[in-house]
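Visitor: Model the full structure from these sequences, guided by the hints.
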Amino acid sequence: MTISIKPLGNRLVVEPIEEEEITAGGIVLPETAKEKPQKGIVLAVGPGERNDEGEYMPLEVKEGDRVLFAKYSGTEVKYDGKKLLIMRESDILAKIN
Amino acid sequence: MTISIKPLGNRLVVEPIEEEEITAGGIVLPETAKEKPQKGIVLAVGPGERNDEGEYMPLEVKEGDRVLFAKYSGTEVKYDGKKLLIMRESDILAKIN
Amino acid sequence: MTISIKPLGNRLVVEPIEEEEITAGGIVLPETAKEKPQKGIVLAVGPGERNDEGEYMPLEVKEGDRVLFAKYSGTEVKYDGKKLLIMRESDILAKIN
Amino acid sequence: MTISIKPLGNRLVVEPIEEEEITAGGIVLPETAKEKPQKGIVLAVGPGERNDEGEYMPLEVKEGDRVLFAKYSGTEVKYDGKKLLIMRESDILAKIN
Amino acid sequence: MTISIKPLGNRLVVEPIEEEEITAGGIVLPETAKEKPQKGIVLAVGPGERNDEGEYMPLEVKEGDRVLFAKYSGTEVKYDGKKLLIMRESDILAKIN
Amino acid sequence: MTISIKPLGNRLVVEPIEEEEITAGGIVLPETAKEKPQKGIVLAVGPGERNDEGEYMPLEVKEGDRVLFAKYSGTEVKYDGKKLLIMRESDILAKIN
Amino acid sequence: MTISIKPLGNRLVVEPIEEEEITAGGIVLPETAKEKPQKGIVLAVGPGERNDEGEYMPLEVKEGDRVLFAKYSGTEVKYDGKKLLIMRESDILAKIN
Numbered sequence: 001m002t003i004s005i006k007p008l009g010n011r012l013v014v015e016p017i018e019e020e021e022i023t024a025g026g027i028v029l030p031e032t033a034k035e036k037p038q039k040g041i042v043l044a045v046g047p048g049e050r051n052d053e054g055e056y057m058p059l060e061v062k063e064g065d066r067v068l069f070a071k072y073s074g075t076e077v078k079y080d081g082k083k084l085l086i087m088r089e090s091d092i093l094a095k096i097n
Numbered sequence: 001m002t003i004s005i006k007p008l009g010n011r012l013v014v015e016p017i018e019e020e021e022i023t024a025g026g027i028v029l030p031e032t033a034k035e036k037p038q039k040g041i042v043l044a045v046g047p048g049e050r051n052d053e054g055e056y057m058p059l060e061v062k063e064g065d066r067v068l069f070a071k072y073s074g075t076e077v078k079y080d081g082k083k084l085l086i087m088r089e090s091d092i093l094a095k096i097n
Numbered sequence: 001m002t003i004s005i006k007p008l009g010n011r012l013v014v015e016p017i018e019e020e021e022i023t024a025g026g027i028v029l030p031e032t033a034k035e036k037p038q039k040g041i042v043l044a045v046g047p048g049e050r051n052d053e054g055e056y057m058p059l060e061v062k063e064g065d066r067v068l069f070a071k072y073s074g075t076e077v078k079y080d081g082k083k084l085l086i087m088r089e090s091d092i093l094a095k096i097n
Numbered sequence: 001m002t003i004s005i006k007p008l009g010n011r012l013v014v015e016p017i018e019e020e021e022i023t024a025g026g027i028v029l030p031e032t033a034k035e036k037p038q039k040g041i042v043l044a045v046g047p048g049e050r051n052d053e054g055e056y057m058p059l060e061v062k063e064g065d066r067v068l069f070a071k072y073s074g075t076e077v078k079y080d081g082k083k084l085l086i087m088r089e090s091d092i093l094a095k096i097n
Numbered sequence: 001m002t003i004s005i006k007p008l009g010n011r012l013v014v015e016p017i018e019e020e021e022i023t024a025g026g027i028v029l030p031e032t033a034k035e036k037p038q039k040g041i042v043l044a045v046g047p048g049e050r051n052d053e054g055e056y057m058p059l060e061v062k063e064g065d066r067v068l069f070a071k072y073s074g075t076e077v078k079y080d081g082k083k084l085l086i087m088r089e090s091d092i093l094a095k096i097n
Numbered sequence: 001m002t003i004s005i006k007p008l009g010n011r012l013v014v015e016p017i018e019e020e021e022i023t024a025g026g027i028v029l030p031e032t033a034k035e036k037p038q039k040g041i042v043l044a045v046g047p048g049e050r051n052d053e054g055e056y057m058p059l060e061v062k063e064g065d066r067v068l069f070a071k072y073s074g075t076e077v078k079y080d081g082k083k084l085l086i087m088r089e090s091d092i093l094a095k096i097n
Numbered sequence: 001m002t003i004s005i006k007p008l009g010n011r012l013v014v015e016p017i018e019e020e021e022i023t024a025g026g027i028v029l030p031e032t033a034k035e036k037p038q039k040g041i042v043l044a045v046g047p048g049e050r051n052d053e054g055e056y057m058p059l060e061v062k063e064g065d066r067v068l069f070a071k072y073s074g075t076e077v078k079y080d081g082k083k084l085l086i087m088r089e090s091d092i093l094a095k096i097n
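Chains A, B, C, D, E, F and G are the protein sequences, given in the same order. Start counting the first sequence at 1; every next residue gets the next number (the numbering used here). Start counting the second sequence at 1; every next residue gets the next number (the numbering used here). Start counting the third sequence at 1; every next residue gets the next number (the numbering used here). Start counting the fourth sequence at 1; every next residue gets the next number (the numbering used here). Start counting the fifth sequence at 1; every next residue gets the next number (the numbering used here). Start counting the sixth sequence at 1; every next residue gets the next number (the numbering used here). Start counting the seventh sequence at 1; every next residue gets the next number (the numbering used here).
Derived by calculation from the structure, the hints in this document are not laboratory data. These figures come from a predicted structure and were not determined experimentally. Here a beta-carbon is modelled for each residue, glycine too, at the ideal position from N, C-alpha and C. Accuracy of the hints is not assured; some may be wrong.
[Unchecked claim] In silico negatives: residues of chain D with every beta carbon more than 12 Å from chain A: (1) 41; (2) 60; (3) 61; (4) 95; (5) 97.
[What the hints assert, rightly or not] Heads up, simulated DSS-like pairs for lysine-lysine below, C-alpha to C-alpha not over 27 Å straight-line: (6) F/6 - D/95; (7) A/62 - B/95; (8) E/71 - G/71; (9) D/78 - A/62; (10) A/6 - B/95; (11) D/6 - D/62; (12) A/39 - D/82; (13) D/6 - D/39; (14) E/95 - C/83; (15) C/6 - E/62; (16) C/6 - E/71; (17) E/78 - G/95; (18) D/71 - A/78.
Guide: Written out as structure tokens, the structure reads:
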């Protein structure tokens, strides 16, 4: 899926996966954790932040990565009827397979 | 449209797009999101911030870019009867097509 | 107008323009904006801040510039019967023509 | 145990050890301390944070290390029926044997 | 007037001028400003702050300068019956003639 | 006494000395000070923090040092029946003899 | 007077002078100032803070200096029956003669 939203800086666009149980990697998210992470797929990444010399330092996360992020991170955008999230890479906890 | 407002530093002038549904890129903004972004067109950009050597690091956003930004960002200015916003580049979430 | 107030660092002296409608550039400031900017003319600028090597990085704003700034910025000083403001360059939103 | 969660930056995945008394090293955690640490085993570590040149600075903690951490650190994830924690290395107080 | 108080770092000793109207430069301070500056004469300055190499960066303000500062800045010291103020250079708004 | 707790970064393990009066150096801690320091012996030190090049900058405090620290610093750990504290070097006020 | 308290980093040990009027330099501290400084004699100084290269930058204040400091600074320690204070150099306002 190619989208026409190009995030700025260290932001990325994530499509959240709503289903509670997925089997890839066997990860099941807890019901009652104090801070529930949520799964998603990365659709677009920004160019990264610039260092002191003004060069971009590319993000660790790439398009297509499956990620865990804190549940209420980011800003919601609707795109072709789908709910997407624009968040910063620092909101991403981990990549999953 | 050429305007006579020249933002300072990493600020830019954005003309917000008020209509709820636009078709360019098919992006429709949600009604009830906790933090609604808003679309706009960039009319003018500042020279960027200076690094430690005093050189300007130009902004990622250019004049004419269509952008998403958090709804209550920036400072309102009226210009030729239009409501414009002066905000910082860090208030811009993404560029859209 | 030459004044005998020499601001320090990245501060500048601004003479605010009180009239609501000016025609230069056609900019009219809104009545009910949440954060009303105000227009003014720069009368004096400081030498700028020093970088890590101790060199001054001159300000973007020059004497004579017309500027927009957030309405309640700075410190009020009376000079020859006029109300002037001493503020930091970071309080300036944009230059106008 | 190989897991399919790859933490980002300076984060790591820790499997907490719930039992109150362990004998390895003879460390017994107090009942009534104002800030109770908890023991755990490190299952996966991120690549570290990048310095100003953009190079990764690897973490001090390695996979397999037994660690003490403040009890309510991190984000809970369920994996193969186990409760795991994703936390930052700065939440780790010490390594134990 | 030579005094035996040697301020540290970027601090300076200022003798405040209490009279409301002075004529040097014609500056009269407002009665009802939200943040009233006050005039004073600099009696002693510190060596400045050190940069990352450990060298002192001397202050912009010199002994004998007349300065404007925010009214409730600094720490009061009595010296030979006079009330002096020890403040940081960043509390100084401008030099006046 | 060799312990099997290896603190991370600029943290150290301190065994607090509970007795009110000790004679080494003649230091007696006050009864009613607003911020009572406490004495202790350093049992283990971390490798220090890394500078921007990623090199460790070793701590000023060494194993065996007697130290003063603010009374409620750090995290309590029980070890072989003793109450130990894991704290950061910045919590240490001074070394004593 | 040699003492066996060796402060860490940019801390120093000060013996406060309690008497209200001293004649050295003729400085008399005010009764009703909003922030009363207090006089003292420096008994010991730390090695200073380390810069980014890990080198110590020695303090401006030396053993034996008479100093002014904000009255409620630092941590109280009793030593040979005297009340001493351990504070940071940044709590020192000025040296006096």
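Visitor: Work down the list of hints and note, for each, if the structure agrees.
Guide: Results for each hint:
{"no.": "1", "hint": "41", "result": "holds (17 Å)"}
{"no.": "2", "hint": "60", "result": "holds (19 Å)"}
{"no.": "3", "hint": "61", "result": "holds (15 Å)"}
{"no.": "4", "hint": "95", "result": "holds (22 Å)"}
{"no.": "5", "hint": "97", "result": "holds (27 Å)"}
{"no.": "6", "hint": "F/6 - D/95", "result": "holds (5 Å)"}
{"no.": "7", "hint": "A/62 - B/95", "result": "holds (18 Å)"}
{"no.": "8", "hint": "E/71 - G/71", "result": "holds (21 Å)"}
{"no.": "9", "hint": "D/78 - A/62", "result": "holds (24 Å)"}
{"no.": "10", "hint": "A/6 - B/95", "result": "holds (5 Å)"}
{"no.": "11", "hint": "D/6 - D/62", "result": "holds (13 Å)"}
{"no.": "12", "hint": "A/39 - D/82", "result": "holds (18 Å)"}
{"no.": "13", "hint": "D/6 - D/39", "result": "holds (21 Å)"}
{"no.": "14", "hint": "E/95 - C/83", "result": "holds (17 Å)"}
{"no.": "15", "hint": "C/6 - E/62", "result": "holds (13 Å)"}
{"no.": "16", "hint": "C/6 - E/71", "result": "holds (18 Å)"}
{"no.": "17", "hint": "E/78 - G/95", "result": "holds (15 Å)"}
{"no.": "18", "hint": "D/71 - A/78", "result": "violated (38 Å)"}
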